[in-house]
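Can you make the complete structure from the sequences, with help from the hints?
Number of protein chains: 2
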Amino acid sequence: MGMRWIYLDHSATTPVDPRVVEAMQPYFTEIYGNSASIHRFGRAAARALEESRRTVAEILGCHPTEVVFTGSGTESDNLALRGVAFAQRRAGRGHHLIVSSVEHHAVLNTARQLEEVFGFEVTYLPVDEYGMVDPDEVGRAIRKDTILISVMYANNEVGTIQPIAEIARIARARGIPFHTDAVQAGGMLDLDVNRLGVDLMTLSAHKFYGPKGVGVLYIRQGTPYLPVITGGGHERGRRAGTVNVAGIVGLATALRLAQESRESENARLRRLRDRLIQGILERVPEARLTGHPTERLPHHASFVFRGINGEELLLALDVEGIAASTGSACTSGRPEPSEVLLAMGLPHEWAVGSLRLTLGKSNTEEDIETVLEVLPRAVARLREMQAIEV
Amino acid sequence: MGMRWIYLDHSATTPVDPRVVEAMQPYFTEIYGNSASIHRFGRAAARALEESRRTVAEILGCHPTEVVFTGSGTESDNLALRGVAFAQRRAGRGHHLIVSSVEHHAVLNTARQLEEVFGFEVTYLPVDEYGMVDPDEVGRAIRKDTILISVMYANNEVGTIQPIAEIARIARARGIPFHTDAVQAGGMLDLDVNRLGVDLMTLSAHKFYGPKGVGVLYIRQGTPYLPVITGGGHERGRRAGTVNVAGIVGLATALRLAQESRESENARLRRLRDRLIQGILERVPEARLTGHPTERLPHHASFVFRGINGEELLLALDVEGIAASTGSACTSGRPEPSEVLLAMGLPHEWAVGSLRLTLGKSNTEEDIETVLEVLPRAVARLREMQAIEV
Numbered sequence: 001m002g003m004r005w006i007y008l009d010h011s012a013t014t015p016v017d018p019r020v021v022e023a024m025q026p027y028f029t030e031i032y033g034n035s036a037s038i039h040r041f042g043r044a045a046a047r048a049l050e051e052s053r054r055t056v057a058e059i060l061g062c063h064p065t066e067v068v069f070t071g072s073g074t075e076s077d078n079l080a081l082r083g084v085a086f087a088q089r090r091a092g093r094g095h096h097l098i099v100s101s102v103e104h105h106a107v108l109n110t111a112r113q114l115e116e117v118f119g120f121e122v123t124y125l126p127v128d129e130y131g132m133v134d135p136d137e138v139g140r141a142i143r144k145d146t147i148l149i150s151v152m153y154a155n156n157e158v159g160t161i162q163p164i165a166e167i168a169r170i171a172r173a174r175g176i177p178f179h180t181d182a183v184q185a186g187g188m189l190d191l192d193v194n195r196l197g198v199d200l201m202t203l204s205a206h207k208f209y210g211p212k213g214v215g216v217l218y219i220r221q222g223t224p225y226l227p228v229i230t231g232g233g234h235e236r237g238r239r240a241g242t243v244n245v246a247g248i249v250g251l252a253t254a255l256r257l258a259q260e261s262r263e264s265e266n267a268r269l270r271r272l273r274d275r276l277i278q279g280i281l282e283r284v285p286e287a288r289l290t291g292h293p294t295e296r297l298p299h300h301a302s303f304v305f306r307g308i309n310g311e312e313l314l315l316a317l318d319v320e321g322i323a324a325s326t327g328s329a330c331t332s333g334r335p336e337p338s339e340v341l342l343a344m345g346l347p348h349e350w351a352v353g354s355l356r357l358t359l360g361k362s363n364t365e366e367d368i369e370t371v372l373e374v375l376p377r378a379v380a381r382l383r384e385m386q387a388i389e390v
Numbered sequence: 001m002g003m004r005w006i007y008l009d010h011s012a013t014t015p016v017d018p019r020v021v022e023a024m025q026p027y028f029t030e031i032y033g034n035s036a037s038i039h040r041f042g043r044a045a046a047r048a049l050e051e052s053r054r055t056v057a058e059i060l061g062c063h064p065t066e067v068v069f070t071g072s073g074t075e076s077d078n079l080a081l082r083g084v085a086f087a088q089r090r091a092g093r094g095h096h097l098i099v100s101s102v103e104h105h106a107v108l109n110t111a112r113q114l115e116e117v118f119g120f121e122v123t124y125l126p127v128d129e130y131g132m133v134d135p136d137e138v139g140r141a142i143r144k145d146t147i148l149i150s151v152m153y154a155n156n157e158v159g160t161i162q163p164i165a166e167i168a169r170i171a172r173a174r175g176i177p178f179h180t181d182a183v184q185a186g187g188m189l190d191l192d193v194n195r196l197g198v199d200l201m202t203l204s205a206h207k208f209y210g211p212k213g214v215g216v217l218y219i220r221q222g223t224p225y226l227p228v229i230t231g232g233g234h235e236r237g238r239r240a241g242t243v244n245v246a247g248i249v250g251l252a253t254a255l256r257l258a259q260e261s262r263e264s265e266n267a268r269l270r271r272l273r274d275r276l277i278q279g280i281l282e283r284v285p286e287a288r289l290t291g292h293p294t295e296r297l298p299h300h301a302s303f304v305f306r307g308i309n310g311e312e313l314l315l316a317l318d319v320e321g322i323a324a325s326t327g328s329a330c331t332s333g334r335p336e337p338s339e340v341l342l343a344m345g346l347p348h349e350w351a352v353g354s355l356r357l358t359l360g361k362s363n364t365e366e367d368i369e370t371v372l373e374v375l376p377r378a379v380a381r382l383r384e385m386q387a388i389e390v
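Protein chains in written order, with the UniProt record's numbering: chain A, 1 to 390; chain B, 1 to 390.
Quick caveat, the hints were computed from the structure, so don't treat them as lab data.
Note that this is a predicted model, so its numbers are computed, not measured.
Beta carbons are placed, not taken as given, at the ideal position from N, Cα and C, and that holds for glycine.
Errors might be hidden in some of the hints.
Stated by the list, open to error - Some, not all, of what chain B presents toward chain A, calculated at C-beta under 8 angstroms:
{"id": "1", "residue": "ASP9"}
{"id": "2", "residue": "PHE28"}
{"id": "3", "residue": "TYR32"}
{"id": "4", "residue": "THR74"}
{"id": "5", "residue": "ARG90"}
{"id": "6", "residue": "ASN109"}
{"id": "7", "residue": "ASP192"}
{"id": "8", "residue": "THR230"}
{"id": "9", "residue": "GLY232"}
{"id": "10", "residue": "ALA240"}
{"id": "11", "residue": "THR242"}
{"id": "12", "residue": "ASN244"}
{"id": "13", "residue": "LEU314"}
{"id": "14", "residue": "ASP318"}
{"id": "15", "residue": "HIS348"}
Written as structure tokens, this is what we have:
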């Protein structure tokens, strides 16, 4: 690629850190045993697996046996919701779930299927104009037959950080398992499950410079859980399937690196992001920041521009060498406005014009200045074209 | 490792082919976009994904849209059984499944959970002394409310190849979707879904020199299917989760390489395997070949030795530098005799003494001669020790 590309879509995915790629290499061709095999090749793989599990457990402040490796963040969310819901119903504890209305589709669509196909009932918690859940609303939504609460740690589309610890206290006081999708928080926020008070937590390696295709589901000991991917006894019977040792070594290495440098890197990203937000709001007319102004992920800037088609803006930026997102990679391609933005009360003519810029290790001040030059022109041009069409 | 290790556990897992590792590399640090993103980084990833899908589709003789990439063979089996079972029941077609009694645990334990937790009924087909399913038995087991049949292509523990095409004809004549777990067959047998006549087929990359953590589920167009890992619209709504592009490129590359060389490599493995089987049956008293004598995977030799503890034999071989298995890596560590061997009618004192030797690319005639020297001594020593203990 001749020109310098500016990648501002780190909430969609990140490049794998070269140190992580390096750490994974031996597990492809040398230490290739099946970690369930009892011979030397298997034991060498099992050692790497358990070392990775300890690394993750240390960061989460939990026991290694509470760490389950999965194939993705989406899979972890599915195992959490389905696993707890089916186990609880089987034990006769009820069939009511509570999730926020701004969850990632991995939670939201799973909750909907549990409702539509499997006879569960779901309460979708409202959010305020910043996309934030009110813990009091959680308390009010709880019923006698509530069996699971799931509220994400930080929102992918608008970056808002939820009051997880407060919600966890409410859930715990009522004896209801609490799951948080921490996919966006993984490399950036405190993941101590006891400080957070969560019973289940989802992580995904590729959001913090690890490989795609590997995730974590933390399950607090004693949490009701029915495995819904069944087979061999891997991961203590909680997630069957030959263990992806290379990927797991990659995940653990990436999580360790991200958590080690997160304070300094977060400060750097916050500076760049604040400059970006301030510059865009100054230079683009009829622009709004979406999500919470302060309680947001340090690398996350998200906007709406009135009367703009977000996808057209993306393509205009792409031509100029800037990779961005309308909000969530997982729903790109659809013309509808984001459910998250609608849940926050944004009117349709604003909500369709969303733009998410998420920074990462490769980004510099120069990148920010380039965006601040290119973006206002792109928005103005799209508005002109629409005025002509009308 | 100082001594030369002999790896004879290729049915548990294989090392990744260096050409496959090479093919995966760019997708970690360069072409790292999320394939669901619409910018340049995303489109580059999506191109690699779709090229891999075409490669797999060509080998399967199907349309690329019928290929779904998953996180493992176990996951593919789960998606097939759960996905079809729930969709069929939802459509009011019934709740009866047919599986063979020698399936991998990914199928068997999933069928059991569908029975015990979700109210389905399951018929477990018997097998003959070679572990083979009689297609007539399939016909007899079919009921009006049968909604899915699942019989594996080749057995992992005893290597027997099932009469898939005949079973498929019976299933199709009755309009019942037919799934085959082809995990063990992936690199070795014909995978053309139309010659086989299957509606769903499971593959796993790490069984044919590809990476762990990536699988395929072939789903014939029109097959009833409810996604049970839900979230974003990835894989046309059939399997949510950010797509593991590097792993999928690895899978496709490995499958192509394995299928290209399978005739010559199978012939080579068959010669080595036959020498191994003949030598062991000649030199070890009270030894039997398990599985079919001719209709078996070309690399697969499996035995029982009367009065031996299979795990003790494995450890004795491990000390001598030979990596083998009792049958299935996924159940290793358990002292019970294999369900597969019991289903084949082997008495307990034979069934606990199982040994599986599965050959692969690295194995040579010298390896075979070493095993033929070491194994008879190891069996004799274990029998002596047991005689003393008694």
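Quick rundown of the hints versus the structure:
no.: 1; hint: ASP9; verdict: holds (6 angstroms)
no.: 2; hint: PHE28; verdict: holds (4 angstroms)
no.: 3; hint: TYR32; verdict: holds (4 angstroms)
no.: 4; hint: THR74; verdict: holds (4 angstroms)
no.: 5; hint: ARG90; verdict: holds (6 angstroms)
no.: 6; hint: ASN109; verdict: holds (4 angstroms)
no.: 7; hint: ASP192; verdict: violated (25 angstroms)
no.: 8; hint: THR230; verdict: holds (4 angstroms)
no.: 9; hint: GLY232; verdict: holds (3 angstroms)
no.: 10; hint: ALA240; verdict: holds (5 angstroms)
no.: 11; hint: THR242; verdict: holds (6 angstroms)
no.: 12; hint: ASN244; verdict: holds (3 angstroms)
no.: 13; hint: LEU314; verdict: holds (6 angstroms)
no.: 14; hint: ASP318; verdict: holds (5 angstroms)
no.: 15; hint: HIS348; verdict: violated (21 angstroms)
Hints 7, 15 from the list above are not met by this structure, while the remaining hints are.
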